[in-house]
Amino acid sequence: MNLFTSSIITTLLMLTMPIILTSASTHKNKSYPQYVKTTVSYAFMISTIPMVMFLYSGQEVIISNWHWMTIQTLKLTLSFKLDYFSMIFMPVALFVTWSIMEFSIWYMHTDLNISHFFKYLLMFLITMMILVTANNLLQLFIGWEGVGIMSFLLIGWWYGRADANTAALQAVLYNRIGDVGFIMAMAWFLLNTNAWDFQQIFAIEHENLNIPLAGLLLAATGKSAQFGLHPWLPSAMEGPTPVSALLHSSTMVVAGVFLLIRFYPLMEHNKTIQTATLCLGAMTTLFTAACALTQNDIKKIIAFSTSSQLGLMIVTIGINQPHLAFLHICTHAFFKAMLFMCSGSIIHSLNDEQDIRKMGGLFKALPLTTTALIIGVLALTGMPFLTGFYSKDLIIETANTSYTNAWALLTTLVATSMTAAYSTRIVFFVLLGQPRFNPVIIVNENNPLLINSIKRLLLGSIFAGYLIFHNITPTTIPQTTMPYYLKMMALAVTMLGFILALELNSTTQTLKLDYPQNPFKFSIQLGYFPIIIHRLLPMMSLSMSQKMASMLLDTTWLENVLPKSISYFQMKSSITVSNQKGLIKLYFLSFMITLILSFFVLNFHE
Amino acid sequence: MLKIIFPTMMLVPLTWASKPNMIWINTTAYSLLISLISLTYLNQLSDNSLNFSLLFFTDSLSAPLLALTTWLLPLMLMASQFHLSKETLTRKKLYITMLVLLQLFLIMTFSAMELILFYILFEATLVPTLVIITRWGNQTERLNAGLYFLFYTLVGSLPLLIALLHTQNNLGSLNFLLMQYWIQPLPNSWSSMFLWLACMMAFMVKMPLYGLHLWLPKAHVEAPIAGSMVLAAVLLKLGGYGMMRITTLLSPLTSFMAYPFMMLSLWGMIMTSSICLRQTDLKSLIAYSSVSHMALVIVAVLIQTPWSYMGATALMIAHGLTSSLLFCLANSNYERTHSRTMILARGLQTLLPLMAAWWLLASLTNLSLPPTINLIGELFVVVATFSWSNITITLMGTNIIITALYSLYMLITTQRGKCTNHVKSIKPSFTRENALMALHLLPLLLLSLNPKMILGPIY
Chain D
666 MNLFTSSIIT TLLMLTMPII LTSASTHKNK SYPQYVKTTV SYAFMISTIP
716 MVMFLYSGQE VIISNWHWMT IQTLKLTLSF KLDYFSMIFM PVALFVTWSI
766 MEFSIWYMHT DLNISHFFKY LLMFLITMMI LVTANNLLQL FIGWEGVGIM
816 SFLLIGWWYG RADANTAALQ AVLYNRIGDV GFIMAMAWFL LNTNAWDFQQ
866 IFAIEHENLN IPLAGLLLAA TGKSAQFGLH PWLPSAMEGP TPVSALLHSS
916 TMVVAGVFLL IRFYPLMEHN KTIQTATLCL GAMTTLFTAA CALTQNDIKK
966 IIAFSTSSQL GLMIVTIGIN QPHLAFLHIC THAFFKAMLF MCSGSIIHSL
1016 NDEQDIRKMG GLFKALPLTT TALIIGVLAL TGMPFLTGFY SKDLIIETAN
1066 TSYTNAWALL TTLVATSMTA AYSTRIVFFV LLGQPRFNPV IIVNENNPLL
1116 INSIKRLLLG SIFAGYLIFH NITPTTIPQT TMPYYLKMMA LAVTMLGFIL
1166 ALELNSTTQT LKLDYPQNPF KFSIQLGYFP IIIHRLLPMM SLSMSQKMAS
1216 MLLDTTWLEN VLPKSISYFQ MKSSITVSNQ KGLIKLYFLS FMITLILSFF
1266 VLNFHE
Chain P
37 MLKIIFPTMM LVPLTWASKP NMIWINTTAY SLLISLISLT YLNQLSDNSL
87 NFSLLFFTDS LSAPLLALTT WLLPLMLMAS QFHLSKETLT RKKLYITMLV
137 LLQLFLIMTF SAMELILFYI LFEATLVPTL VIITRWGNQT ERLNAGLYFL
187 FYTLVGSLPL LIALLHTQNN LGSLNFLLMQ YWIQPLPNSW SSMFLWLACM
237 MAFMVKMPLY GLHLWLPKAH VEAPIAGSMV LAAVLLKLGG YGMMRITTLL
287 SPLTSFMAYP FMMLSLWGMI MTSSICLRQT DLKSLIAYSS VSHMALVIVA
337 VLIQTPWSYM GATALMIAHG LTSSLLFCLA NSNYERTHSR TMILARGLQT
387 LLPLMAAWWL LASLTNLSLP PTINLIGELF VVVATFSWSN ITITLMGTNI
437 IITALYSLYM LITTQRGKCT NHVKSIKPSF TRENALMALH LLPLLLLSLN
487 PKMILGPIY
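As they're listed, the protein sequences go chains D and P.
For what it's worth, my numbering labels the leading residue of the first sequence as 666, then goes sequentially.
For what it's worth, my numbering labels the leading residue of the second sequence as 37, then goes sequentially.
With the rest of the complex left out, here is chain P (with noise of 0.2 Å):
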């Protein structure tokens, strides 16, 4: 695990070092070798795991994750130059530090063996997001986003704490993989359900759950082009990752503790989608589509049942390149037109025509176009979900009717219409962005191809 730790690490002296005019170039480049040497891990050849050491171990969920994270610093690097451009030197360095801080933490999370470290690991996230979206947003608000963030994820997981400590004292060990064994089933009383909830708030606050999930609009509509890459592809995810680890601690509760949350998830993704179809914000209507999509996610860790897992991990990757790309087209639009409103940028198809294919290829696979693997994901939750109880079937059936429409409603607004006057002056594509979009379709169509790698550890 080392070998991927320390590199990154060293890209904060790489920062530093370097020239002025080579800044981005080496992160960039540097982070990408980086992100390759990750790849190896997807290869799990043994059916357990790859254990690095007493801390650090990898297996076929966390090494998607893992990969997803490496693979996306480079390109939040690419992302975030035109937003830089006018800040100072230092500045500059010390937001890519933030970034390569994050992304060091994120590893270290994704790859933690114990839970406590993996809390630790869970809670310092925090803080470079926090500051990229605090320091760098766009406008005034995003100080009250911030708010929004740090409060939401705090108040949800500082239980989490105490649940922690609370089996840790019981159990003798949080080791992830000395759990599996050791673990009794849970009493049937209210402390047991106490510790449930606060075993799981943490992470359903940070996929959101629907009624929790208030912070995420906010931060991603104000945090600048990496963080809210970073949030909608990793920072959520590791809501799925943790409830995906942590529901073996609580065996048999989970069998009935799962409605009230699992209502509130089909609800929700109904009403956060439908949400998108009003929306006039770009970035908001993708937030909100993240959440609808983290919903499934949510149902489908709850249910847990091996084709619910593989179809939550496939959805998880999935989404995560996907929102993440979307979230740069947002941002190619919102550096020509300075607006985040769709409705300002329509037409843009005349103009710019491959980057309307970008953006064609992006909604196709956010509405899951067969044979991509967001439609692998979501086709194996509304299986789960189908087998848990048929009547599902109407709300994810509305569910699937409303992404499509939402996401072509996004395409057609913002690339389609005749355009306006004020859109004809503005900047062709650069070689930059093109390579940016295809650096995160790449990914998605070329594990279409062979999807096994991402179902996770049931497959």
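So that you can see chain D by itself, here it is in the shape it has in the complex (with noise of 0.2 Å):
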């Protein structure tokens, strides 16, 4: 088994490679993208012995070195746990991101900072992995912080734009509200189970552990872009295509539902906070897949239909099926990062224009695109054998066949219902139809880079979810018979959203609307959420810190009451006191005073 161990860190420190050697002259020259990505290539190669080596033994093995320190009774070394989850997910991620980088260097590729920008991309799947293979919680907590503030850097790129900078700041704000949770769990775990190694954890039996998995859901909930602290991923648009393509695929978002995957086996016991993560996921992907509806943006629409899978992902483990909602993270990472590949690609053919109705008409300029979009966009709706067919499907299935709430399952398939919708949508504005471009631009794919990377993705899509579905070892044994009419539901779905979208479409296409529906205006204003909450909350909370804490507090009361005051009462007291006024007179008066008591006692006295 020392292949085993030796491969994984042979392809962990490929990684840093190319951020030691910054200090050599490769960064430089124009190779440098290349070489990133060449060696991304070279480590997903690599990572895919351990892979194959531990689907065929299934031996889990946790390296430890490097003690970092001991803290009384808490031992905190540098270790890695190399189990199904992250044996399983470093190869994707890896294979994604080489893909994703060969697509930026033909994107990104008149930037002139291009070598620091995949800098940033490397770093930013470097924390990925720290976080898929930590095994205590700190080297976790690092991963996590530091895909937190990469996003920051990368969704921040064009630092010139306003807006990118706001969108930069909306991410690391929600995510520090799911850290708070994050570290509610750490000091929750080190006072009660005295521990952070994850084995340590699970091993120990405790009665209620309610805190630190809310704490645990809170920081998923923030990281996954979960309901209530989702604004950020859609307003991360901002950043570059790559950027985005990286974020919503096989880093950061899925880091979320990975980190309440790892925690599991203390989830799987606690009906309280199932329900919460059942309820939290369903009202995420409903609410998600109703805001993808009307927007206009194409990278938002991909983006809020990222944000309704991870929904669908955190409904997945509310039913008790962690295994089922990382396959679903696994095929997910294929076609979405897919999918705004061809966005870029449509993106950059139209002169940097995002808005789908001034498309149209492309599968004819852009037949590569066109094929990969339709196919990432069918394997987004979960179409018979594409991946996402082996993930969603599945999880729907279980979802019906479970002793779970109407609700949330009524509310699951109807955000199913819609993802077809938007997806028809899409490939109904962008694809088919007249052009509504500009007729000057030219529209060109045939680059190697852009064609070589979105093929590779599109095998991907297509056969990926086969091969992983059949290395699943599901914990909860999914339902294996089931009523006809629960079996072809999701299909059903589906079907009922494509169908309903295109006849819409096509009949809406010629119609006026006199003025907006309430639906429309609701699903068009993201659910009034950046109206209501990005207003209310600063404005209500920055005015509370200028008028109560700044002016109120520091500039006059504790001004007043301490300072001011005492040199106040001491002036006023200096003048009371002193009766110095110029009666020279008097003052004389008062010398005879003296003079004569004095008289009196020097004289008079025994």
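Since the hints were derived computationally from the structure, they do not count as laboratory data.
Cβ atoms here follow ideal geometry from the backbone N, Cα and C, with glycine treated the same way.
Incorrect hints may appear among the rest.
Claimed, not checked - Which residues of chain D face chain P? A partial, calculated answer using Cβ under 10 Å: (1) 829; (2) 1104; (3) 1106; (4) 1224.
To be verified - Straight-line distance between alpha carbons at most 35 Å, and here's what the computed DSBU-like set of lysine-lysine pairs gives: (5) D:1029 with D:1212; (6) P:463 with D:695; (7) D:784 with P:454; (8) D:784 with P:463; (9) D:784 with D:740; (10) D:1029 with D:740; (11) D:1023 with P:463; (12) D:1186 with P:454; (13) P:454 with D:1212; (14) D:740 with P:463.
Relying on the hints, combine the two individually framed chains into one complex.
Okay, structure coming up:
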């Protein structure tokens, strides 16, 4: 088994090489991006060795080296957990990142700081790898925060734009709210189980795990953009398209789901948290799918679809199927990265046009992108025998046959239907019909960097699900037999969504609405969320800090109570006490009194 | 201990005897050598302490602070070169002498074995600091700032003198090492409470506790760069150090006397960090962020558990380096735009990319990104307060969020955005400045590799 651990370490070390070698001259020449891309591809190939070995032998390994410090009874070491989740996830993430990097060589070739950009992308990937392989909470937290900060840097890549900076700050803020939950969970585990290592945490039985699990759920809500803390995800579209692709497929947003999957040994016995997770996921998946229905920005639609899929993953954890959620993470990575790359190709070809109303008819101009887009969309909706089918269909079947509450189930089904609807909308507006873009634009997709990277993910989107599905080991065995209508339910609602959306799109193409309907307003305003939460709360807290903390307390009360009042009283009392008011006669008279007194005192003593 | 006290004293003749063009280089190089000597104290072999004489000792609580003090002098000298470039030679020398004197007092304060000696030196540090603030500050408000600084600290610390005399009378000795063994639990009476207050207030004002912090933003904003650096990095830590030393004297009382102060700190931490959100003045923002970080230290010291002590010590060192770094960065902006207003320096990343990298790292350490020592400190404090009372996590959490927000707000406002016209003709960043930032960050990053060096005596 030596090859197992050493090839894992090789994979991880290889990724750090381009960063360590920064001080050498490689980063100065043009080939640095190429170098990073090749490194990632090699890392992918090497990481498949331990994956295959793991699938063959099923042996979990923990590498524990470099003792960092021991604080009283808590030993902190650098340790990696190589179990089913990390072993499968690493090749998937590396494969997707490899393609994204190749794509971004093409997409970012005009950027002067492209080497810099690649370094950020690579560090983003590395922090995700740290997160995935971590065996203790502190190491996980390093990766967790690292992912957050790298996303801040990448989303704010075009730092001259105010929107990009706002989006970057939003991402950090929402993640930071989640981090509070994470820190709370860390504190709780330390106090009650005296351990941060996973195997120790899982080994210790504890009565009431509500507090730490609620903390972890909050952390996952922040990182995976669940309902309540979701607005940063669509805003993050301000970043460059490769960043969106990486952020939404295999890094960052799935980290929250991954955290919950890591902690499934604790969650599977806690019904309260499971129900909360289920409801949260269902709400997210429906809400974001509803928001996606009316968006006009192609990247925003895909972003909301990510959010919706993340909701589905959380639902899966809520029905106690962490392995299925993990399967969905893996399959989702392929087609979501590809969808973003397709949209990047379209946006780039149309001179940075993101509005789907100004596209159309692209299936002739961009044949490969069109093919990939359609396959990606079909995979997203869970068309049979594409990648998405293997996870999504199974999830919905399992949800149908499990003892879940009907509300959550119904919500999920409606969201699934909506997925098909907005997917149709993308295809309808972007690919079909007459071109609505500027005719002088020269559309060209014949760049091997673009074509190869999309093709690679295209193959992934078709076959990866099948491959991963056959190696999954579910913990709770899903129902194998079920009524015919439950079996067909997922497919039926998807078809319904397709047909409805197609009909609506073709009929309303020529109709004009007098005024926007309320549901439409709700959807296009993102549920009034940004208006309320992004206006009201900051306004309240900022004016609180200005008026109360700064003006009332600091510059008025504290200033007046201590220094000002003391100096005031000193001044008043000194004025009162000092009676030097220029009354010379009186002063001399008072001299007289002293003289007379002293005369009496000195002369008439015994 | 004389190994670093005498060389520090000899810095003064070195300054006055140096050739005009050599004063900065000589003193910087020499003080850097001194700081290298002090690094050996970090290696605490025995469990207790390193005794040097009857007067001086270090243990693992004071050694990191001592090393920080000596490390900071060369950095202060490097930072203030531009600030003093227009002054006459004598004034430059006087300025350096003041910094050296301050360092001398600080070294002796951190290594004093007697509480009275500690007290005298603690007060003596006020003098050079006051001179630095009121003589070399930039605006006329510096006089007011100096006044606030002096009076707050003096009023706070005079009762301490009386309390110390009283304790000396009762106990017969104020030796730190003996005190651990001789100390009797205080009786539960009104006079003991006043003793507690008298002992703690001096350090609470120095920290500063929320409510008594008004001198700090003023002093920080008005002081010249070296003054701000040493104030934020070392002088505030005197408070934490003193509190941790003196709580041994006050043993059973702290458990209930601490409540109002902990509440004040927890409340003040959020108040001050939300003030940071509305600051337009860069130096003031950093000063308020110091208050908010020091509130964490106060809470940690008052909780008095091993974890909280470790957190407090780690946080003090981490914050010392980080806030000093931030002040240096603010100063480098000030030297170019001649204003502390943040919005005037926006978009500097385009012009000074390396400086932007320093800004980024400084902000990230300030918001305590893992695995920096800032995080270690903060995490330990949060864990300790969580075990003290579960509800505090909401306040701590709010503070964590706001800290991240204002750190990044500072970063975004100064570095991101479109470049303005009036900054287009600024000077590039000098090697001196880059070296300065690197010398701040280097210890921060290296300490992250082995944080147990700064976890204090209880580790």
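Now the hints, each set against the structure:
| no. | hint | verdict |
| --- | --- | --- |
| 1 | 829 | 8 Å, holds |
| 2 | 1104 | 33 Å, violated |
| 3 | 1106 | 28 Å, violated |
| 4 | 1224 | 6 Å, holds |
| 5 | D:1029 with D:1212 | 60 Å, violated |
| 6 | P:463 with D:695 | 29 Å, holds |
| 7 | D:784 with P:454 | 23 Å, holds |
| 8 | D:784 with P:463 | 28 Å, holds |
| 9 | D:784 with D:740 | 32 Å, holds |
| 10 | D:1029 with D:740 | 61 Å, violated |
| 11 | D:1023 with P:463 | 46 Å, violated |
| 12 | D:1186 with P:454 | 34 Å, holds |
| 13 | P:454 with D:1212 | 30 Å, holds |
| 14 | D:740 with P:463 | 49 Å, violated |
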